[in-house]
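Using the sequences and the accompanying hints, generate a full structural model.
The lines below spell out each chain.
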Amino acid sequence: MNFGLSDEQELLRAEVRKFLGDRCPIDTVRLLAETEHAHSPELWKQLAELGWLGMIVPEQYGGSDLGWVELAVLLIETGRSLLPAPLVASTLVVATLVDAASDEERERWLPGLVDGSTIGSVAILEESESWTPTAIGLRGEPDRDGFVLTGCKRFVSDPMTADLFLVPFRTGDGEREITVAVVESESDGLSRKSFPSMDRTRRMGDVLFEGVRVPASQVLGPVGEGWPVVARLIDRGAVATAAEICGAAEALHRLSLEYAMDRKQFGRPIGAFQGIKHPLAEMYLEVESSKSLLYYAAWVLTHRPDEVPRAASCAKAYASEKFVRIGVDAIQIHGAVGYTDDCPVHLYFKRAKWARPSYGDSNYHFDRIVGLRGL
Amino acid sequence: MNFGLSDEQELLRAEVRKFLGDRCPIDTVRLLAETEHAHSPELWKQLAELGWLGMIVPEQYGGSDLGWVELAVLLIETGRSLLPAPLVASTLVVATLVDAASDEERERWLPGLVDGSTIGSVAILEESESWTPTAIGLRGEPDRDGFVLTGCKRFVSDPMTADLFLVPFRTGDGEREITVAVVESESDGLSRKSFPSMDRTRRMGDVLFEGVRVPASQVLGPVGEGWPVVARLIDRGAVATAAEICGAAEALHRLSLEYAMDRKQFGRPIGAFQGIKHPLAEMYLEVESSKSLLYYAAWVLTHRPDEVPRAASCAKAYASEKFVRIGVDAIQIHGAVGYTDDCPVHLYFKRAKWARPSYGDSNYHFDRIVGLRGL
Amino acid sequence: MDFDLTKEEEAFRDDLRGFLDEHLPPPEERAPDFLPKWWKAVREKRLIGFAWPKQVTGGGGSLMEQFILKEELLARKAPMLGRDVTGLSWVGPALIQFGTDEQKQKYIPEILDGKTMWCTGYSEPDVGSDLASLQCRAERDGDEYVVNGSKIWISLAHFATGIYNLVRTDPNPPTKYDGISCLLIPMDTPGIEVVPIKNMSMTGMAEIFNQVFFKDVRVPVERRLGDEGEGWAIICSALQNERSSITEVMRHSQRLESLYELARHSRVNGRPALEDAGVRRKLASIETQIEALRLGGMRALSRQLRGLDHQSQASLGKLHNCNLLVECADFALELEGSANQYMAGSEAAVDDGRWQVDGLAWPVTVVGGGTPNIQKNIIAERILGLPKD
Amino acid sequence: MDFDLTKEEEAFRDDLRGFLDEHLPPPEERAPDFLPKWWKAVREKRLIGFAWPKQVTGGGGSLMEQFILKEELLARKAPMLGRDVTGLSWVGPALIQFGTDEQKQKYIPEILDGKTMWCTGYSEPDVGSDLASLQCRAERDGDEYVVNGSKIWISLAHFATGIYNLVRTDPNPPTKYDGISCLLIPMDTPGIEVVPIKNMSMTGMAEIFNQVFFKDVRVPVERRLGDEGEGWAIICSALQNERSSITEVMRHSQRLESLYELARHSRVNGRPALEDAGVRRKLASIETQIEALRLGGMRALSRQLRGLDHQSQASLGKLHNCNLLVECADFALELEGSANQYMAGSEAAVDDGRWQVDGLAWPVTVVGGGTPNIQKNIIAERILGLPKD
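Residue numbers (our numbering), protein chains in the order written: chain A, 1 to 375; chain B, 376 to 750; chain C, 751 to 1139; chain D, 1140 to 1528.
Calculated directly from the structure, the hints in this document are not laboratory data.
There may be inaccurate statements among the hints.
[Stated by the list, open to error] DSS-like mimics (lysine-lysine), calculated; alpha carbons at most 25 Å apart, straight line:
| no. | chain 1 | residue 1 | chain 2 | residue 2 |
| --- | --- | --- | --- | --- |
| 1 | D | Lys-1527 | A | Lys-264 |
| 2 | A | Lys-264 | C | Lys-787 |
| 3 | D | Lys-1315 | D | Lys-1527 |
| 4 | B | Lys-639 | C | Lys-1138 |
| 5 | C | Lys-1138 | D | Lys-1527 |
| 6 | D | Lys-1193 | D | Lys-1209 |
| 7 | C | Lys-790 | C | Lys-757 |
| 8 | D | Lys-1179 | D | Lys-1254 |
| 9 | C | Lys-804 | C | Lys-856 |
| 10 | C | Lys-926 | C | Lys-1138 |
| 11 | D | Lys-1337 | B | Lys-639 |
| 12 | C | Lys-820 | A | Lys-264 |
| 13 | D | Lys-1179 | B | Lys-639 |
| 14 | C | Lys-854 | C | Lys-804 |
| 15 | D | Lys-1254 | D | Lys-1315 |
| 16 | D | Lys-1527 | B | Lys-639 |
| 17 | D | Lys-1254 | D | Lys-1184 |
| 18 | C | Lys-1138 | A | Lys-264 |
| 19 | C | Lys-854 | C | Lys-827 |
| 20 | C | Lys-787 | C | Lys-804 |
| 21 | D | Lys-1146 | D | Lys-1179 |
| 22 | C | Lys-790 | C | Lys-827 |
| 23 | D | Lys-1243 | D | Lys-1184 |
| 24 | C | Lys-856 | C | Lys-948 |
| 25 | C | Lys-757 | C | Lys-856 |
| 26 | D | Lys-1245 | D | Lys-1337 |
| 27 | C | Lys-757 | C | Lys-865 |
Pasting the structure below:
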C-alpha cells in the first residue's frame, strides 16, 4: 500500500508548478481575467505541447495514457495558480470520448482536443440546475439519420471558447431516455452567450439550441441509453473540481499563514495569538482532509470503478464546503488587506463560490451518499 | 419603553436567588437528585408559602395575580440553581386552568395547586413524540356524562409526584378533534412509571390509561375543541423551558468564566489565552441573546397574545441550541475537572440535553417560524 | 418591562408619519431630483442631527424619539438623513462632547446643512487594529501643527472636504495611548495627497477606499479638537457610539425578506428551495438571530434611557451583526447555485445581482468595524473582566 | 499510489482469517469464559505485541501486517488483544525504545502475558495540560529514589499492579523540561494511596479515575526508565505514539452504522428521521469526515512504511477524532428526542442506552487526550511553524 505520489508523479507536480509559476503567476492571472474570454490561446497551446490536455488519452490518439491520479496532480496545481483556461471542461469531454465514443468518433475529435486545436465544453444543466436525468428537457426529435435539438442549456463553462459541446438531450419520455452527442459550436441554430462572472478567471453562460441538427455519427453510444455516460461525467467533474479546490484551498491557507507570520500587532506576529493560530490549524486539517479524499477518489476513478460514486461525492462535498469556509477565515485573518485588489485572497474567495455548486454542492452530494445506501 | 425589570421584579429576583442559595445550594441539588422522585415535599411547601406556585393565578384562588415576566424571573432562578421540583409542569397546569377551565373547575383545583397540596403535570406526547394534533392518538370513548380513556402518554415530567395530569385525547377522527381534561393520578385504570433519567434532577416516564373514566366536569372547555388549549400550553411550555435554560446557561457561563480566571497554565490564567477567551465571549453573546428573546416572549405572553407563537418559537429554538453548545464548550474549558462529579458543570450539561427536546427542539420551532409566514 | 409607547411618544410618531407621508414617497416613486428636496425638508423639520442640541441647530430630540424616528425611516426605506455621513456619525458627536463653542458653531451647522463632507483618518499602514500604535506625526510650530505621515482605508476621501485625523503630538509618550491628538484638517490644505485602493468587490463599491498622504501639512492650532494628548479618549468615546444597532436590525430585516423571496424562486437539487428542510431551518435561524439582535438593541437603548451603562454592550451587538452579515451573504450565494457568478448588470443576474454585492461587501463592514476577533477581545476583557492577552 | 495488498500481505491476511474463524466467534456467541481463552490463543499466535521484537516474545510483525491485523480484528468486533491495556500502549513501547535489556526481559513478557496491569502517572492537580510543570519529587537516597507528591486522572489505578510515573529528579532544572525522570513503581510499594474520583458519566465508567498519593515511597534506581533527566524525551515520544488512528476509524465506522440504525427508527417532528433532509445531510457529513479520517490515517501509515516523518501528523488525526466524537455524541442524543434521558438499564432506553454512554463519555477521550485547543497549538506550532503564544 502506498498512499503517496510516485517519483514520476512528484516530478510531474514539480514540472507543472514550475511551468505555472513561470508562465502564469498571479499578475498574469489578473491580466487574463480581464480579457474578453479569460483565455490565452498561447498558454493553451503550451499546455498541449506539454501533454497535459491528453493526459488520460491512449497514446494512439496522441495522449500520455496516464491515470486520474496524474490528472489530479495537474488540476491541483492549476487550481493553486488559478489558471484561467477551460481545462476542466475540455478534459471531461476528452475523458467521456475515451470511454463512450466509437473508434470513428475518437479518431475524429481526440487528436484535436489533445493537440489543443479543439476545445471542448460540457452542457448538461438547464434552468432547474439539477443533476438528475429528469432535469434534462432539451428535446432531440428524430430527423433522418440524427436528431434536431431544441432547448437551452445553462451554466455552461467558458461557452465562447469551446469548439464543441458534450450535450445530453431527451429522446423519450421515460425518466432516463437520454442520449448524448457531440455538438459543434458552429452548428446552424446554435447560439451562445457568456455573462460576466464573479470569479473573473472563468466565464459561464448559456447555449441555445434552435433546431440544431446532430447526425447519428456524433451520438455517443446507443440512443436513449446515455444517462450512465452523463452520470460518469458528473462524478468525474466532481473529482476534477475537487482537485482544483484542493490546490486553491492550500494556496489560500499558505497565503494566510505567511500573512500571520509576517504581520505584527501589539508587538507580536498575529499568528502568535490563538485567535489566529487556531483557525490556521483547523484550515490545515481541512486542507489535508480534502486532499486525502480527493487523491483517493482520483485513484478509484482509474482502479476501482465501483467505489467511484461514493468517493467522488465525499471528495466534492467536503472540499467545496471547506473551501468556502476557509475563504471567509482567510479574509478575516488578512483584515482590511484581504479585500484589496492587490492581495490575491479575494480571487480565491470568489473561486470558492464558483466551485461550490460546480458538479454538485454538498446538499447534492450528501443526499447522494445516503441514497447510495438505498435509503 | 422599558426593556428591563421593574424595581419589584428585581426585588423578586433577589428574593428567589437568596432563597434558592440558602435552601437549595448545589449540594442539596445533588442529594435530592439521588432521592426516589428527585422531589422534596418540604421545599415544595416553602415555594407555595412564598407564593411562587400561584404567581400567575388570580387572587381569588390564592394566587399573586402577577404576569409571565415575573414567572420568567422565577424560572430563570430555578434554572440557574437546577432546583429539583415539578415546577414547570405544575405551573403549566395552573396557567391552563386559569384561562381554559370553568369557574367550578378553577375552584376545585387552583387553591390546592397554589398552596402546594396538589401537584400537576402535563401528558401530551405519545410514541411519535410529535407536538401536532394528529400525533394525539389516546382515545376518549363517550361514556355516560364523560369519557373512557385508553392509550399511553409518554415523556411525562415527574409522573410519580403528580396528583393530576392535564391530558389531551382524541374524541373524533377530524385532525383537530381533541378534548382536554384533568385526570387524577389515582383514577382507576391509570398507571404510571418513571425511568432513571440522565438529568437526575428530573424524572420522566409513561402514563398508561386502561379504561380510565373522566367525568364531563373535568373536561376543559367544549368537547372536541381542545386543540387551541393544547397549542397555547405548548407555547407556554416552550417559554417556561427557555426561562429555565437562560438561568442555567448563565450559570454555566459564570462557572466557566470563574474557572478561566482562576486556573493557571504556563504561568497565566487560562482566560488570558484567546482560545479560551473567545469562546467565553461568544457564550456571553449567546446567553444575553437567549435572555433578550426569552424576556420578550414572556412579556408578549401577558401583553400581546398575537405575537406569542413567533416569540415563543424564537426564544425556545435559540436558547435550547445554544445551551447545548455552551455545555460542550464549558466542558472543554474546564478540561478534566469538568467531568468530575464534584464540579457542577456536568449537571448543566445533562440539563441541556433534557431541555433541548422539551416543548419542541429547534427543528420543530424553526419549521414553525417559517410556517407562521404561511410558507 | 414595557414595550408600549407613551401618549406623547405616539403623538410624536403620528406627527412624524404625517410629515413622511408628505415628503417621502416609496422608493419606486422617487424622482431623480428627490434627494436634494428630501434633505431640504428634513433639515427644515430638524430631523438631521435630531438628538443634537438646539443651540447648534440640531433637533433637541429625546433618545426615545430618535428610536421612533429611525424605525419609521427604515420601515419606509428612507435614504440617509444627511449628505455628510461621516460628519453626522463621527465628527458631530465628537464636537458636541469635546469641541469649543467656536468650533461647534463653525462646524456643526455646516455638517447639518450638508455643506461639508468629512472623512476619518484612523488606520495607518502596518498598524491595523492596534490603532494606538499610530505613527502620523504632528509637530508644533508656533500657532500651527506640521503633519507628516499617512492614513489608510479611508472611505470617500476623494470626495471629502475635511479629514478628522488622529496624529501623534508627543513622539515619546509614557504609553502608546498618550500623546495622541485630534485635528480637523481641510482636504485642500497643501501637502495632502489621496490615492485610491482597489478592492475586491467590483460591485459599484470599488475604489471607495483610499490612502491619504500628508507631507508638511500645516494646520492651525485652533483646528485641534479637545486638549493636546486627549485624542485617545476622544476616539474611544467615538468608537463606542459607532453604530446604531436599530439601523443594522432594519437592514437585516429587509435582507431577510429578500432571502425569503430568493428562496421562493430558488431550487435545491432541482426542487423548490422552500420545500427543503435545511433551507427552511436556516431561514428561521437567521430570523431568530435578527430578532435577538433587535431585542438586544432595545435592551441597550432601554439602559441608555435610564442613564445606565449601555456602551459596554456595543461590542456584543457588533459581534452579532458581523456573524449575521457573514452568514446571510454566504447563504444567499449558496441558494443561487451556479447563478451566484452572475454579477449586477448581467441579464442573467438573480435579483439584479444584489446578493453578489452583499457577498463581496461584507468584509468591508465585518473587518472595517474591527474584526470579530477584536470584538471578542473587547467583550472578554472589558465586560467579562478577563486578563489581557 | 496503490491501495492493493501484495501477495505476501494477502497470504498473511488469509492465514489470519483462518485463525480468527476458529478462535473469534461473533459477539453474540461469545461465552462468559471467552475472554481468557481468547487471550491465551492470541498470545500463542503472537498477536499480542504483534509489532514488538521477537526477542522479547513479541510478534515481530511488520507495520503493514499490523494494519491488516487491526482491520480484521475491528471488522469482527474483537475484544482487546491483551489485558494490560496501559502496559501494551504506553509502557511496552517506552521500554522497547528506552529500556535496558534487563528491564525489557523482566517487564515485557509480563505485559504480554497479562500478568501486570500498568497505569500512567502524568497529570497532577493544578498542572493540567502544562504537563512539564509537574511537581512530584523523587530524591536520590543511595540506590533508591524517595518519591513524594500526587498524580491525578489516573484510570484503573485501583486495579493496577504498577505505575509508570513521571517525577522531578532535579528540583532546580535549567528549564521545566529538564530534570524529569521516569520511574516504574509497583503499586504495592508502601506509601502509595489510591483515592477514586467520581465522574459525570455514571454509565459504568464511574470512578475509573483516581488520584494517587505518594508519601516517602522508596523506589530502587534500577526501576528508572532511561537516563536521569530523560523523562521529557521519553514522554514526548510516547505521546506521539498515543493512538492508532485505524482503531478510532473502525470505532467511528461502527458508530456511523449505529447512527443510521438509530435514524431508521427515530422521528423528527413526528416524521421518519430518514426523510428529513437535515438528518440525511448530517449523516452523510459524518460519513464523509470518517472517510477523511480513515484516509488521513492511511496517508500517515504510508509515510511510516516508507520511513518518512508521520508523527507530526498525529495531532491532525486527534483533532479530527475529537471533532467527530463531540459531533456524533450530540447528534445521537438529538435524534433520540426526549428519550435521550433514558439511561442504560432502563426498559425505556433507546438502543440499550449506548448513546447515553457515548454522550457522556466523550469528554474523557476529548479532554483526556489533550483538548482540541492543545491539538491546535501543536499543529500550528510544530507543523505550521507559527510562534508560541
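Hints versus structure:
1. Lys-1527(D) / Lys-264(A): 14 Å, holds
2. Lys-264(A) / Lys-787(C): Violated, because 49 Å separates the two Cα atoms, which is more than 25 Å.
3. Lys-1315(D) / Lys-1527(D): Holds, at about 16 Å.
4. Lys-639(B) / Lys-1138(C): Given that 25 Å is the threshold and the Cα spacing comes to 14 Å, the pair holds.
5. Lys-1138(C) / Lys-1527(D): 16 Å, holds
6. Lys-1193(D) / Lys-1209(D): Within the cut-off at roughly 19 Å; holds.
7. Lys-790(C) / Lys-757(C): Not OK: Lys-790(C) and Lys-757(C) at ~29 Å, beyond 25 Å, violated.
8. Lys-1179(D) / Lys-1254(D): Status holds; Cα separation ~12 Å.
9. Lys-804(C) / Lys-856(C): With a Cα-Cα distance of about 15 Å, the restraint between Lys-804(C) and Lys-856(C) holds, given a limit of 25 Å.
10. Lys-926(C) / Lys-1138(C): OK: Lys-926(C) and Lys-1138(C) at ~16 Å, within 25 Å.
11. Lys-1337(D) / Lys-639(B): Within the cut-off at roughly 23 Å; holds.
12. Lys-820(C) / Lys-264(A): Given pair Lys-820(C), Lys-264(A) is violated - Cα atoms ~40 Å apart, limit 25 Å.
13. Lys-1179(D) / Lys-639(B): It is violated: about 48 Å lies between the C-alpha atoms, which goes past 25 Å.
14. Lys-854(C) / Lys-804(C): 12 Å, holds
15. Lys-1254(D) / Lys-1315(D): 35 Å, violated
16. Lys-1527(D) / Lys-639(B): 17 Å, holds
17. Lys-1254(D) / Lys-1184(D): Roughly 18 Å between the alpha carbons, so the hint for Lys-1254(D) and Lys-1184(D) holds.
18. Lys-1138(C) / Lys-264(A): This hinted pair holds, its Cα atoms lying about 17 Å apart.
19. Lys-854(C) / Lys-827(C): Distance ~31 Å between Lys-854(C) and Lys-827(C) Cα, so the pair is violated.
20. Lys-787(C) / Lys-804(C): Within the cut-off at roughly 22 Å; holds.
21. Lys-1146(D) / Lys-1179(D): Distance ~29 Å between Lys-1146(D) and Lys-1179(D) Cα, so the pair is violated.
22. Lys-790(C) / Lys-827(C): 18 Å, holds
23. Lys-1243(D) / Lys-1184(D): Holds - the C-alpha atoms of Lys-1184(D) and Lys-1243(D) are around 20 Å apart, at most 25 Å.
24. Lys-856(C) / Lys-948(C): With Cα atoms ~35 Å apart, Lys-856(C) and Lys-948(C) exceed 25 Å; violated.
25. Lys-757(C) / Lys-856(C): Distance of about 37 Å is beyond 25 Å: violated.
26. Lys-1245(D) / Lys-1337(D): Measuring from Cα to Cα gives roughly 35 Å; hence the hint is violated.
27. Lys-757(C) / Lys-865(C): Measuring from Cα to Cα gives roughly 37 Å; hence the hint is violated.
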